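Trainee: Listed below are the residues making up each chain.
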Amino acid sequence: MSKVIKLRKGLDIHLGGVPTEKLIEACGSDTYGVSPGDFEGVVPKLLVREGDEVKAGSPLFFDKANEEILFTSPVSGRVAEIRRGAKRKLLSVVVATDGKREGVAFKIPNLASASRGDVVGVLLASGLWPMIIQRPYGRIADVATPPKAIFVSGFDSAPCAPDLNFALQGEVENLKKGVEVLKKLTDGKVHLGLRAESLGVLNRVDNAEQHFFKGPHPAGNVGVQISHIDPIRKGDVVWTVDAQNLAIIGRLFTTGKVDMTKVVCISGPQVENPYYLRIIGGAEVKSFVMPSNIKPNEKGDGVRIISGNALSGRQVTPDEFMGFYSNQITVLAEGNYHEIFGWIAPRFGKLSVSHSYFSWLCPKKKYNLDTNLNGGPRAIVVTGLWERYVPMDIYPMYLVKACMAGNIDKMEALGIYEVLPEDLALCDFVDPSKTEVQTAIADGINLMIKELS
Amino acid sequence: MIAKLLRSVVDKVKPPFEKGGKLGFLHSTFDAFETFLFVPNTTTRKGAHIRDANDLKRTMIVVVLALVPALLFGMYNIGLQHFRAVGDLAAAGAIWGCFWYGFVRMLPLILVSYIVGLGIEFAFAQKRGHEVNEGFLVSGLLIPMIMPIDMPLWMVALAVAFAVIIGKEVFGGTGMNVFNPALLARAFVFFSYTSFISGDKVWIRGAGKGGEYIDGFSGATPLGQISENAQQALADANIWDWIVGTIPGSIGETSFIAIMIGAVILLWTGTASWRVMGSVFAGGLAMGLLFNAIGGSPLMDMPFWYHPLLGGFAFGAVFMATDPVTAAQTNCGKLIVGFLIGVLTVLIRVVNPGYPEGMMLSILFMNAMAPLIDHIVVGNNIRRRRSDRRRTLR
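So the protein sequences, as listed, match chains A and B.
Per our numbering, numbering through the first sequence is continuous, rising by one, with the last residue being 453.
Per our numbering, numbering through the second sequence is continuous, rising by one, with the last residue being 1394.
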């Protein structure tokens, strides 16, 4: 076993509703959707109209800026609805399934002899290319720029995250195949970050360069792993792929068909029975998040369903669809209630990294956190706190201030290329001034793209 | 029950204060009082969906709590010093009597400080449409605690106004200030009304106010005495008094023990940086040791560990230097800034014949230097990133 990379900085938030190792086959959704909002920076152009017949793998829309990048249907059926929002913005393309699960048959080249171009062609045509994310900036990979390495994180350390070794059981051959595909795309290595001392499916993926990490969240974030394996510097391009998506890519190259089946978990403090569920990506949220499985909100009003984790996921309504990149649904109570004398009351049962609360007394206790902001937004006052939750060689406060000021040179010098908002999500959580750190980083990245393109 | 009743009252009173309402111009003020009573019902809209329970109110209240031991002892010491000075030894022996005497004299200072300071803060928050920042809850208590008890109230008011407006609001409010507001208030008095804050007549309540000192009583602080005549003062020194704090001085600074209780609270809750606090003491002791090694004058020969017990050293190290906004913001910078504060303080005390106390000026000086030190520390990180890049390109 190779060297273990130990991370001391970070925080495991013990959120209630951790999924139990119970896998349920979802009964299937009537409608599936692909939402351009899942893909940062994509301007969609439609390729279908309502009523069109599609198969799994048929293109639904493409990216205006990169016409070769297609977004395809996860199931076979008929385009039921083109959902639009304000100013006719395309929200999602909804496909009503016919239940036959027919897929477009793609011609799979022999990986041993195939050229990079052949492999890229299949990934683009099948609509799996968007699974490959490019850093810096966290956008869909640019076909023309080969990366210096490709990174896959083999574990998720976020609150209530799925155990990937459980979710991916039985997928080892697909994962290995996926790694072989990725190897075709880069001259560098394919790195796989694993949690030290865990043994599971992902440890058996031995054709990737394995690295072992020990420590609290965000150790499972691929960005953090990159910074410890081979940091991104100016001019570098690396790609990342989510482990579940890696299995889907492997499946395509094994069967020749797009099969978006993945295992997600339904978790969070408001979930009665948190468990794992096998669904087809893009399933309608209400088809597998059952109202009967959600606890009523006792203090406040309503619950929040999040596609992704509680730190950096996106809020969804039951009519929306499982996010393209997300492997979990988190359900939280809305914290829209008042609490008397919060600044001085002892407030037992509240989670805080500060010892002015008592949560340090029981570090293992699970907390049923809600969405209350727990204070009001203020200027940044407490310094030296964020640094404890970012296990990377950067000064988060200086980087965030550079982003807020829109100073391109400073952002670059301070490491904007190395981070995505999710890597600094814990700063959002711990800051007593309630600074929106993730938003600032996202704005900074957008500005970088705008100014430097 | 009570919470619900109170809530319904607040909800009933609230509408005219909403933005656009009849009293909308008082929105910030109303908000400040409402959030004082209740944690707001705001939910996260962007970023992380869950948030830590800690907020700035709680943070500031912890500092205020940490100040309480020094404040209570300061009140007691006001009475004690007064009764000793006027020769009423029976009264000086009565703890509650001393405390009550001090409490009555201290209260107006605190009230003036809070009313003037919070008044200005509210006005600025109102003007800017911000929520009122809690920073002044701490500054407002610190300011009277670092003043002599006989300071006229109008002077306190002026100093507070100066500190809040020139020290803080012109830079954009709490979190944006360069200098520690409380120390700025003290520096303002120090340079504008020097005779009210130095010498040996100001530290004890009563001199010239119908309570003349008894013959032979010196009202000077131990540090002042040492600076006057080190040999004599050191021979007479009672270290235990310095530690307990039954000596003349600014109201909050005298008791080493009470300040250390505050230090434990601050460090334990993680509110203050141990890097700054520890390195101030380390810097002071190191400089003291250096002077001990050089020797030559009674002041240089004074045992190095006397320094933290004397004057405002401990109070400054625990409550002033650790201000997260005006100290350095990088961990490495915090160590450097703290160490230099300690070094400068002892340097000023020993070498400067002009005035005995160096804490205030060295903290203010290092406040000014902190951004520069941070710049160098962050610059190292930037250079490392750049040189890494050259390596990978090669």
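Simulated from the structure, these hints should not be mistaken for laboratory data.
Don't take every hint at face value.
Simulated restraints, written as ranges between beta carbons of each label pair [as the list claims (entries may be wrong)]:
{"hint": "1", "chain 1": "A", "residue 1": "PRO291", "chain 2": "B", "residue 2": "VAL1264", "range": "20 to 28 Å"}
{"hint": "2", "chain 1": "A", "residue 1": "PRO291", "chain 2": "B", "residue 2": "ARG1045", "range": "55 to 63 Å"}
{"hint": "3", "chain 1": "B", "residue 1": "PRO1371", "chain 2": "A", "residue 2": "ALA112", "range": "41 to 49 Å"}
{"hint": "4", "chain 1": "B", "residue 1": "ILE1166", "chain 2": "A", "residue 2": "ALA405", "range": "21 to 29 Å"}
{"hint": "5", "chain 1": "B", "residue 1": "PHE1365", "chain 2": "A", "residue 2": "LEU447", "range": "47 to 55 Å"}
{"hint": "6", "chain 1": "B", "residue 1": "HIS1375", "chain 2": "A", "residue 2": "ASP12", "range": "29 to 37 Å"}
{"hint": "7", "chain 1": "A", "residue 1": "LYS89", "chain 2": "B", "residue 2": "ASP1011", "range": "33 to 41 Å"}
{"hint": "8", "chain 1": "A", "residue 1": "LYS100", "chain 2": "B", "residue 2": "ARG1045", "range": "39 to 47 Å"}
{"hint": "9", "chain 1": "B", "residue 1": "VAL1064", "chain 2": "A", "residue 2": "PHE348", "range": "15 to 23 Å"}
{"hint": "10", "chain 1": "A", "residue 1": "PHE348", "chain 2": "B", "residue 2": "ARG1045", "range": "26 to 34 Å"}
{"hint": "11", "chain 1": "A", "residue 1": "PHE348", "chain 2": "B", "residue 2": "PRO1298", "range": "50 to 58 Å"}
{"hint": "12", "chain 1": "A", "residue 1": "GLY85", "chain 2": "B", "residue 2": "VAL1264", "range": "53 to 61 Å"}
Model, not experiment: these values are computed from the prediction.
Every residue, glycine too, gets a C-beta built ideally from N, C-alpha and C.
Trainee: All hints, please: hold or fail.
Mentor: To see whether the hints hold, each was checked on the structure:
no. : hint                             : in the structure
1   : A:PRO291 x B:VAL1264: 20 to 28 Å : 50 Å, violated
2   : A:PRO291 x B:ARG1045: 55 to 63 Å : 24 Å, violated
3   : B:PRO1371 x A:ALA112: 41 to 49 Å : 59 Å, violated
4   : B:ILE1166 x A:ALA405: 21 to 29 Å : 24 Å, holds
5   : B:PHE1365 x A:LEU447: 47 to 55 Å : 37 Å, violated
6   : B:HIS1375 x A:ASP12: 29 to 37 Å  : 34 Å, holds
7   : A:LYS89 x B:ASP1011: 33 to 41 Å  : 37 Å, holds
8   : A:LYS100 x B:ARG1045: 39 to 47 Å : 42 Å, holds
9   : B:VAL1064 x A:PHE348: 15 to 23 Å : 21 Å, holds
10  : A:PHE348 x B:ARG1045: 26 to 34 Å : 28 Å, holds
11  : A:PHE348 x B:PRO1298: 50 to 58 Å : 55 Å, holds
12  : A:GLY85 x B:VAL1264: 53 to 61 Å  : 55 Å, holds
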